[in-house]
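Enquirer: So the chains spell out like this:
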Amino acid sequence: MEEILLNIQNPEIENNVFDVRGLNLWYGNDQALKNINMQIEKNKITAIIGPSGCGKSTFIKTLNRMIENVPIVRTTGEILYHGNDIFDKSMRVEELRTKVGMVFQKPNPFPKSIFENVVYGPKIHGIKDKKLLMEIAEASLKSAALWDEVKDRLNDNAYGLSGGQQQRLCIARCLAVQPDVILMDEPTSALDPIATLKIEELMDSLKQEYTIAIVTHSMQQAARISDKTAFFLMGDLIEYDKTEAIFSNPRDKRTEDYITGRFG
Amino acid sequence: MSQDTQVRQLIQNNILNKKHVSDRFMPKFFFVMAFVSVFTTFGIIITLVTDAAKFFSQVQLAQVFSTKLAPLAAEPSFGILPLITGTLITSLIAMLVAVPVGLTAAIYLSQFATERTRRTLKPIMEVLAGIPTIVYGFFAYSFVTPLLMKLIPTLGAKNALSPGIVMGIMIIPLVASLSEDAMNAVPNIMREGALGLGSTRLEVTFKVVIPAAISGIMSSIVLAVSRAIGETMIVTIASGSSKNFTLDITQSMQTMTAYIVEFTSGDAGSGTVGYYSLYAVGLILFLFTLIMNLIAQHISHKYREEY
Amino acid sequence: MSAVKSEFLREGREDIMLETDQMRALERYKVKIDSGRIERRVRLNNGLKHLFSLSTVFALVVLAILLYRIGVQSAGWLDLQFLTSNLSRFADKAGIYGAILGTVYLMFIVVPVTLVLGVSTAIYLEEYASKGRIQRFIKVNISNLASVPSVIFGLLGLAVFGRMLNLGSSILAGGLTMSLLVLPTVVVASQEAIKAVPGFLREASYGMGADKWTTIRKVVLPVALPGILTGSILAMSRAIGETAPLVVLGIPTLILKIPNSIMDDFTALPIQIYYWTLDTVLTPEYANLAAATIVVLLAVLFVLNSVAIIIRNKFQKRF
Numbered sequence: 275m276e277e278i279l280l281n282i283q284n285p286e287i288e289n290n291v292f293d294v295r296g297l298n299l300w301y302g303n304d305q306a307l308k309n310i311n312m313q314i315e316k317n318k319i320t321a322i323i324g325p326s327g328c329g330k331s332t333f334i335k336t337l338n339r340m341i342e343n344v345p346i347v348r349t350t351g352e353i354l355y356h357g358n359d360i361f362d363k364s365m366r367v368e369e370l371r372t373k374v375g376m377v378f379q380k381p382n383p384f385p386k387s388i389f390e391n392v393v394y395g396p397k398i399h400g401i402k403d404k405k406l407l408m409e410i411a412e413a414s415l416k417s418a419a420l421w422d423e424v425k426d427r428l429n430d431n432a433y434g435l436s437g438g439q440q441q442r443l444c445i446a447r448c449l450a451v452q453p454d455v456i457l458m459d460e461p462t463s464a465l466d467p468i469a470t471l472k473i474e475e476l477m478d479s480l481k482q483e484y485t486i487a488i489v490t491h492s493m494q495q496a497a498r499i500s501d502k503t504a505f506f507l508m509g510d511l512i513e514y515d516k517t518e519a520i521f522s523n524p525r526d527k528r529t530e531d532y533i534t535g536r537f538g
Numbered sequence: 042m043s044q045d046t047q048v049r050q051l052i053q054n055n056i057l058n059k060k061h062v063s064d065r066f067m068p069k070f071f072f073v074m075a076f077v078s079v080f081t082t083f084g085i086i087i088t089l090v091t092d093a094a095k096f097f098s099q100v101q102l103a104q105v106f107s108t109k110l111a112p113l114a115a116e117p118s119f120g121i122l123p124l125i126t127g128t129l130i131t132s133l134i135a136m137l138v139a140v141p142v143g144l145t146a147a148i149y150l151s152q153f154a155t156e157r158t159r160r161t162l163k164p165i166m167e168v169l170a171g172i173p174t175i176v177y178g179f180f181a182y183s184f185v186t187p188l189l190m191k192l193i194p195t196l197g198a199k200n201a202l203s204p205g206i207v208m209g210i211m212i213i214p215l216v217a218s219l220s221e222d223a224m225n226a227v228p229n230i231m232r233e234g235a236l237g238l239g240s241t242r243l244e245v246t247f248k249v250v251i252p253a254a255i256s257g258i259m260s261s262i263v264l265a266v267s268r269a270i271g272e273t274m275i276v277t278i279a280s281g282s283s284k285n286f287t288l289d290i291t292q293s294m295q296t297m298t299a300y301i302v303e304f305t306s307g308d309a310g311s312g313t314v315g316y317y318s319l320y321a322v323g324l325i326l327f328l329f330t331l332i333m334n335l336i337a338q339h340i341s342h343k344y345r346e347e348y
Numbered sequence: 015m016s017a018v019k020s021e022f023l024r025e026g027r028e029d030i031m032l033e034t035d036q037m038r039a040l041e042r043y044k045v046k047i048d049s050g051r052i053e054r055r056v057r058l059n060n061g062l063k064h065l066f067s068l069s070t071v072f073a074l075v076v077l078a079i080l081l082y083r084i085g086v087q088s089a090g091w092l093d094l095q096f097l098t099s100n101l102s103r104f105a106d107k108a109g110i111y112g113a114i115l116g117t118v119y120l121m122f123i124v125v126p127v128t129l130v131l132g133v134s135t136a137i138y139l140e141e142y143a144s145k146g147r148i149q150r151f152i153k154v155n156i157s158n159l160a161s162v163p164s165v166i167f168g169l170l171g172l173a174v175f176g177r178m179l180n181l182g183s184s185i186l187a188g189g190l191t192m193s194l195l196v197l198p199t200v201v202v203a204s205q206e207a208i209k210a211v212p213g214f215l216r217e218a219s220y221g222m223g224a225d226k227w228t229t230i231r232k233v234v235l236p237v238a239l240p241g242i243l244t245g246s247i248l249a250m251s252r253a254i255g256e257t258a259p260l261v262v263l264g265i266p267t268l269i270l271k272i273p274n275s276i277m278d279d280f281t282a283l284p285i286q287i288y289y290w291t292l293d294t295v296l297t298p299e300y301a302n303l304a305a306a307t308i309v310v311l312l313a314v315l316f317v318l319n320s321v322a323i324i325i326r327n328k329f330q331k332r333f
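Protein chains in written order, with my numbering: chain Y, 275 to 538; chain E, 42 to 348; chain X, 15 to 333.
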């Protein structure tokens, strides 16, 4: 108890998980991200907000290099993950993605059983021991607050779950590879309010062990759950600060206009 | 003002006078035209069944399922097993070529290749599909067979291996394009989910995409088999007309389709048992391909994942 | 225990708590993800990627060899004399003029018949039929017909057109048989083309008081025309290259007379290829004649397909 209290009293001990330096990104000839500089802090929830098309999804997909699936993408600048540039040739993107996991907007479980979904990651990374896989599945599902609801039907098809349950399954799947960071791209936009609430509660518990970056189009959500908020507009990072500061006392007029609903 | 009223009057008269004859007549006309296809199916079934029945009424079943086929002998025998083995063996060889090559090509084009590579390579597959089978037949007989004879000295000039391989080549585009469609139907977001967990493209393909697309892939294989069974010219030219019951692919075999062609290009006098045997074989062939197509449709429907 | 975790415990959310056993298991597992294995997986990925690409290369190579061989064997035999002379028993005097005419006359029957039948069927299915059993029945029929082997159509043609209607092995018999064979292609292509005509165009026409047939005639068909033509050309390509039904019908080997009417006997390009290929053993030059004919056939198909592509790209309206 004392140990933890110590940590909470000394936030400066946290270091940066991601250090983005001068990131520019083009889709062909259109520049989608302009000279982004920001740090993502450990064990915090960082929200990324902005109107449609501002580049927030593009940005978050750059952090685990998923954006490279689009063929015409070009980047300059560095993104340091624990000090290592993720664009460096020596960085294997498969390894990066085990450490930087992602949860998508629409729940996307595989057409397999619940169990198979969760242990997909460990299996491809070589874990074959059935007992170990079962332990991993149980731990991940518990961390994703889904265990009680599915423990008796692990072999059922994942598609039988509700939308909210499927999204928690995707989170469990992501946790099973023991990432360091969890990126979330509008994870609750396809869910009903109750499911959304469950996932927000989950995120609050997860940030003890993981670092979370979440893209959200809901300012209320950002204000509810995040520690720090970044406001993107047309590819620029306009403002990045503690969440209370952004929402109660924004420094840039554009931030204020967006938050008060004058546009977006 | 008066011109407006005139125009309005003209239109009103037109509408009142129009008898709408064409509107009532045309649907009936189109319906009749559409039923031609139904009549064709019935025509095929009736033709095959009536003449095949005449065959079966004159030839004992025991003989039909025997291995002795000699329709033109003094004492004709109509055992069709040689034809069935001929068809099945050549089709099997074709599948051994078409399925591995077609599937891997589909995997490469849909999961690995860049858009530019796909755009240049796919049309080539389409060209392969558009070449008439007679051209493949010529190719099999005049190029592939001599080539194989150099590799396998015991190979006959007419054999089952050469047309089997060439049929396989002809069917590659069918397997490739249907499997590709099945794999492309797997939602992109599912692939992204797997990639986001640190999978390589290979793992995404074999652990996520193919299992999800398996019904479409299996259906494409069954359709390919059906196509091979129904293929005529390649086997007629390159596999010959030996009616021996044999499993030796280095020798000549006759398929059901080749039998039909051979007999009709000779003098199959109408009304003879030989003439009716054509329709019996035709009926069996029709049933084979019909069953295969129904299986393909069934697989496609039953195991299709609802995304 | 973290402050948040104790919070959850108070609410009774024990499931968030991880047991020590499982924590140990997870630690064991964390150590196991090593870079060496990832390297191996990536190498396997790249290796198999190249292996799979070989399949497409194989198809390319086979196509190249096929075209090359045919080109080589036809060299010297494909000249104007070949195209304008008639058939002959003597290889160096033989020409495919009769076969070309035969194929052309065949198309004179196939194209109108398939267009009328095919487009009518498509119009019925898309515009008039209520979505019930009859429509499904016809659709199932069309798709079954599409997969029936071509020899069977030959047997049908022999029984119905050849013997019952006593058309023998005339151009009419061959044309009608071929029409039935390629009908599904035209139906499906026309269906797609008609379906693609957007609803708001039809509504505009009905809104002005037009009846159904007028709307189809003046609005739907003109817009669907490029698609219908493309389908028709594809059907023609198939019909030009098909051999089996014609052989079953009894098209003879050597026709010296140029056909004058649709009731005449005839020969066609694919049939010539077939007969010359069969007799290559006796007369080796026949292989060259066959190859030369193949070149002509492929050239015709190439032109047809190019026209189809041009029509599709240039005239297809996108909404």
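None of these hints come from the bench; they were simulated from the model.
Where a beta carbon is used, it is the ideal one built from N, C-alpha and C, also for glycine.
The reader is advised that the hints may include incorrect statements.
What the hints assert, rightly or not - Now the in silico label distances, taken between C-beta atoms and shown as ranges:
hint, chain 1, residue 1, chain 2, residue 2, range
1, X, R83, E, T291, 18 to 26 Å
2, E, L133, X, L318, 44 to 52 Å
3, Y, N358, E, N225, 43 to 51 Å
4, Y, M408, X, I148, 33 to 41 Å
5, Y, R348, E, R159, 19 to 27 Å
6, X, V154, E, R159, 13 to 21 Å
7, E, D222, X, Y220, 51 to 59 Å
8, Y, G400, E, N225, 23 to 31 Å
9, Y, P345, X, H64, 36 to 44 Å
10, X, V71, Y, G357, 28 to 36 Å
Enquirer: Now, for every hint given, state plainly whether the structure supports it.
Expert: Status of each hint after checking the structure:
1. X:R83 x E:T291: 18 to 26 Å: holds, 23 Å
2. E:L133 x X:L318: 44 to 52 Å: This hint is violated: roughly 34 Å between Cβ atoms.
3. Y:N358 x E:N225: 43 to 51 Å: violated, 36 Å
4. Y:M408 x X:I148: 33 to 41 Å: Between M408 of chain Y and I148 of chain X, where Cβ atoms are some 55 Å apart, the hint is violated.
5. Y:R348 x E:R159: 19 to 27 Å: Cβ of R348 of chain Y to Cβ of R159 of chain E: about 21 Å, so the range 19 to 27 Å holds.
6. X:V154 x E:R159: 13 to 21 Å: At roughly 33 Å between Cβ atoms, R159 of chain E and V154 of chain X fall outside 13 to 21 Å, so the hint is violated.
7. E:D222 x X:Y220: 51 to 59 Å: Since the Cβ atoms of D222 of chain E and Y220 of chain X sit about 36 Å apart, the hinted range of 51 to 59 Å is violated.
8. Y:G400 x E:N225: 23 to 31 Å: holds, 30 Å
9. Y:P345 x X:H64: 36 to 44 Å: At roughly 19 Å between Cβ atoms, H64 of chain X and P345 of chain Y fall outside 36 to 44 Å, so the hint is violated.
10. X:V71 x Y:G357: 28 to 36 Å: violated, 43 Å
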